[in-house]
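Asker: Spelled out from the first residue to the last, the chains are:
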Amino acid sequence: MGWFDKLTRPKRNIPSDLWKKCPKCGEVLLNKDLARNLYLCNKCDHHLRMPIWDRIALLTDDNSFIEIDREIKSVDPLEFVDSKPYPERLAVAINKTDVFEAVTCGRATLSGYKVLLGVMNFDFMGGSMGSVVGEKITRLLESGIEEKAPVIVVSASGGARMQEGILSLMQMAKTSAAIQKMNMASIPFFSLLTDPTSGGVSASFASLGDVNIAEPGAYIGFAGPRVIEQTIRQKLPEGFQRAEFLLEHGMVDAVVHRRLLKNTLAKLIGMFSGKFGGKNV
Amino acid sequence: MSRDFEFEKPIIELEARLKELKKISENGKIDLSREINAIADKIITLKEEIYGDLEPWQVIQVARHIDRPSTLDLIKLMSPDDFVELHGDRLFSDDPAIVAGPGKIGDFNVMFIGHQKGHDTEENIYRNFGMPHPEGYRKAMRMMRMAERFNLPVVIFIDTPGAFPGIGAEERGQSEAIARNLAEMSQIGVPILCFVTGEGGSGGALAISVGDLIFMFEFSVYSVISAEGCAAILWNDPNKSKEAARALKMRAANLKELGIVDEILPEPLGGAHRNPQQVAETIKQTIEKHLPPLMTMSREELLEKRYGKFRCMGKFCSEEELENA
Ligand SMILES: [Zn+2]
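Residue numbers (the working numbering), protein chains in the order written: chain D, 1 to 281; chain C, 1001 to 1325.
Read the hints as simulated data drawn from the structure, not as lab findings. Since the structure is predicted, the reported quantities are computational estimates derived from the model, not experimental observations. Treat each hint with caution, since some may be false.
[Stated by the list, open to error] Within a straight-line C-alpha distance of at most 30 angstroms, the following computed DSS-like cross-link-like pairs (lysine-lysine) qualify:
1. K1315(C) x K84(D)
2. K1305(C) x K1289(C)
3. K96(D) x K1315(C)
4. K1315(C) x K181(D)
[Said to hold, decoys possible] A few chain C residues that don't get close to chain D, going by computed Cβ distances all over 10 angstroms:
5. A1038
6. G1101
7. D1107
8. N1151
9. E1170
10. V1210
11. S1223
12. I1225
13. L1255
14. N1275
15. K1289
16. K1315
[Unchecked claim] In silico contact screen, one side only, chain D against chain C (beta carbon under 7 angstroms); selected entries:
17. I68
18. I72
19. E135
20. G165
21. F222
22. P225
23. I228
24. Q241
Even glycine gets a Cβ: it sits at the ideal position worked out from N, Cα and C.
With the rest of the complex left out, here is chain D (with noise of 0.2 angstroms):
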C-alpha cells in the first residue's frame, strides 16, 4: 500500500455513510434525501428498508410513542458457537442498532387510536426471531387483548433466530397461538409485512393478521430463493415471492405504498372498532 493509497483510502468509505443507491434502479440517493422521502427511491419510487425510528414516526402521531418491554434481553441458552459465540454476535447487533432485540414495541396513537406497535429491525442480525422476539409480540399481543386496542406488527425478518435453536421455533407457537386469542375476543390484528419477511416469521404471526398488508416490492415468502432452486434446480420466475405475487395468490389484502398506510391503517381501525360512521360499539 503506497501513500497515496492510505490517504484516499479512507475517503472512498465515507461517501457510503451519506449515499446509498438504489437497489432498483441504481440511482444514486443521498441519505438525507432518503430520510426526507420516508426511504423511497425518487427516481423509481421502489421502497428501501426503513429504520425503525422513522418507521415509528411514519405511523404514530407525533411524540406519543412510549417503548415498553424494552430491557428484555436475550440470553445463550444453547451456549452456541459458530464462527463467533453467539453473545458476541448479539454485542455486535446491539452496538450497531442501538437497540436490544430485534423488536420494537410500544404504545402509541395513530391518527387518534390507541394502538400497541411492534416493529421489527433487520439490521438487528437480519430480524431473525428468538426467545426475546417472541416474548415482546406476545406480550404485546396479550396487551392488546387486556386493553382492547388493536396491534400493528411491522415485520422484517429473515425468520428464526438459529443460535437459539429449538426455543426459538416455539416462538413460532407462542405468538400464533396468542393471535388465536386475539381473534376470539374480536381485538384486531393488522400485520405489515415489508422487505423481508420470511421463514418462522412469515410462517407465523406476520401471515396471521386480520388484515395482511404489504409494501410494494417487499419480498415475502417461506423458503429462501435459494433454497427452492437448490431444490427444484430450475430458475424461478420474475416477480417470484414479491408482495404483488402474494396479493395475485391471495396472500395479502393490500399492498399499499408507504405515504398511504398510516391512513389506510386509520379506516380500517376506525371502522373495526366501530368508531366510524357515527356508530359506537
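Using the hints provided, position chain C with the ligand relative to the given structure of chain D.
Answerer: Only chain C with the ligand this time, still in chain D's reference frame:
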C-alpha cells in the same frame, strides 16, 4: 441411501461372523454354542456401547434411517382393523406427505395424523420424502377440527425433513398454512398427543406439533433448521454439518432439558428400525398412561394448560431480573 452406518460396522461384522458360526455348527454338527453365545453377548454389549455414545450427527442418521417405522407402519401396528385413511384438504388436493384418519389404540378411538416418508426411492418420491405442501397442513387441520367435533383425541407422529420449498408451495401459501395450524391447534378442544418419531424438521414439523404433551423417541431429533442448512448459513460450509448438529442441541435429552419435550421414549436396542413392533407398543403404553387424565379435564382447563405450555417456552432475562439476582 445405504441401510448401514459407518459406526455400525463392528456390529455388522460380528453379526456376519455369528451367522457363519451358526452355519458351520449346523453343517458340521460341531458344538459351537459357547462361541456363538459369546458372540451374541458381544453384539448386545457392542450395540449398547455404540448406541449409548452416538454423536449428534450419527443420531440424525438413525432418525433418518430408511427402515425407521413410518407413520403408516405405526398406525397399522396399533390399529390394524379399524384405521380408515381419509384424504384431501377439500381445497386443492391430497398431499401424500401427510396421512390422517380415525383409528383405535386399545380402547380409545383417536384421530391419527402424521408425516409420511417412504421406505424406498419410489415411495419416497410419491411421499415427497415426507415434505408437505400447504394442502398437507390444511388436511391435517381439517382432521383436527373433525376430531374436535366427534370428541376424538388426536395422536400425531412427527417425521419430516421440513415443509417443502417449492414454487407451488409458495403460491398456495406455505407460510399461511403453517401459521394457521399453529394458531388453530392451540384452541382445538380435544387432547393432542405428539410423538416425534424420526426427524422433527423446523416449521414443517411444528405445524402439526402444538399439543398438550410432546414425546420424543430416544434417537429422534427436533430442530429449528437441519444441520446441513445451518452449516451452509452460519458456517458458510456444508461440510460443517457435524459441528452444526452438535451446536443446535437437537436430541431428545436436550429438548427435555430446555422444557420443550415432556418425556423421552426408549427405543429398541440399536434403534427403532430394528423393532417397529416394540416402538408401536411403547406408543400404545404411553397413550394409555397419559390420555385418561387429559380426557377428564374440562375444555377450558385443557386449552389453558396448552396455551401456558407454549407461552412459557423461551429463555431471556430482563433488567429487573438481573437486579434481583
Ligand atoms: Zn430507484
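Asker: What hint numbers does the structure not satisfy?
Answerer: Numbers 9, 10, 11, 12, 13, 16, 17, 22, in rising order.
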